[in-house]
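A.B. asks: Following the hints, complete the assembly by docking chain L onto the known chain B.
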Amino acid sequence: MTAERVYSGGRPPWSAFWKLVAVEAKLAVRTPVVLMLSVGLPILLLIIFGFVPSFNEPLADLGGLTVLSLYAPILSVFALGFLGLVGVSMPLAGYREQGVLRRMSCTPAPPSWMLGAQLIINLGVALLALLVVNLGIKAFGVSGPKQVGGYVLATILCVAAIFAIGLWIAAIARSANVANAIGQVLFYPMMFFAGLYFPREMMPGVLRHVSDWTPLGAAVNALQTAAEGRFPSAQSLLVMVGYAVVFGAIAVKQFKWE
Amino acid sequence: MSIIEVEQLLKTYGEVVAVDGVSFSVEEGEIFGILGPNGAGKTTTVECVVGLRVADSGAIRVLGLDPRTERDRMREDVGVQLQESVLPSKIKVGEALDLYYSFYRRAADPDRLLDLLGLSAKRDAYFKNLSGGQKQRLSIALALVGDPKVAVLDELTTGLDPQARRDTWELIEGVRDRGVTIILVTHFMDEAERLCDRVALVDRGKIVALDSPDGLARRVHSGTLVRFTPSAPFDDRLLTDLPEVQGIERQGERVVVHGSGDLVNAVILALAAAGVTAQKVELGAPSLEDAFVSLTGRGLHDGNGEDEAGEVLS
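Chain order of the listed sequences is B and L.
Going by our numbering, the first residue of the first sequence is number 1, and it counts up by one from there.
Going by our numbering, the first residue of the second sequence is number 1001, and it counts up by one from there.
Chain B with its partners taken away, still in its complex shape (with noise of 0.2 Å):
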């Protein structure tokens, strides 16, 4: 009835994480809520934004760029911030508060495991949200980053920035559902800053300042810097990493698996 498998260490082998991570990646296809919100929202912006005739025009006061190509790193970051408020922490504040985490601390595979499956599948939802998105922007005749070397960093700094105040969230949150009302609070406001329901470009002088210091209002600004051809600047991109050591470091500091 039994079969001894051996592997190195205390660890059970990479094949069983990869194992969770299938089984999580199951579990997030079959309760869709964040998917929907985070992938098909955005794509669904996309589409609307990109038959409105006024969108596709070059504006003066915008240097010749027209509102549509200001949406491509705004509705990226769309993807981006709801996955990270939501889709990270909501799972784990749910598995803390129902013990699966304690249930998992029992077993050989530690619980961090399970931290790092809900990273690894939010992640590659993020690389699936922003691949659609920028195929559908370039599909809309906004041509690609022309500093793709700053766009992928600032890209790379958002995800971290964002997904550390996931985990501050799962951190703090003692159900999923707190986690997810905390994490949608966050959300709107940030992505009003930027520059959802009026680009950054056309914001107010004050409220763009403000903008600068959100996480997602420095990540629009650094990718839409980049789109442009410029190096995102040193202000933008210190700012998301700013929240990402601070997010992390609390994060880390108040984490508890029950």
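Everything labelled a hint here was simulated from the structure, so no lab data went into it.
Derived contacts from chain L toward chain B, CB cut-off under 7 Å, selection only:
(1) E1076
(2) V1080
(3) K1090
(4) E1095
(5) S1102
(6) F1103
Yeah, the Cβ is synthetic: ideal placement off N, Cα and C, and Gly gets one too.
C.D. replies: For chain L alone, coordinates are given in the frame of chain B:
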């Protein structure tokens, strides 16, 4: 050889002393019962044993390891069934078992476990759609899938119907027969009597007695015992005055008389003389329940506000 040793375990939650100086050892291959009312400190004790909680003081060795500092090495050999079965609501039975199977170096065949626990037909069912009993059985399967040397089972049959309870008992005996040492936490007397080689009676954080189920029962009353339901109220002295009678206890409607000699006849005659008939008469040796009442002065299922506070915390 002792496979688990617990010495002077102490655990408090604020003002509440959940476990108050508990010591016991569990021998290899036995089913060791921890029996007591809700809030007695049973769950806290075993959670310390498996390393889920850290005791305030005391020493624990499981398979020669310290659950606090050597928990990593312990997990491979100690299977745990927690009181609440906890899995993501939309995981399928088969997925959960396969996943946990992959976590262990040495593992039991998941398909056979599903078969043994009568869950084969539920392989593709979501966890949230299982009945209470099915969740419980899956939880047992997860505790056994790592082919443990020690299995800690907390409230094994709570929420199961009578048939499922008996099936589960048989399963646990089968597991024990394969050489697995089992700690069984329960508040069911019949479960402890049926399964356990030795039982620790726990009350208010202390072990009040530790013996085989028979030994515990014998320790209470050496003589015989008569249980009956009287047809009418009567004064205890009617029976306590009899030379054959040593003690009388009332358990709800039922009356339990301990004594020696020709106890049954003496009791029935005395009652008849007072115009009382003894109905549903049972004879026998004292049960574990009698032992518990006698050792703690109260029943297993008596409510107790203070203790329930402890249970909420534990």
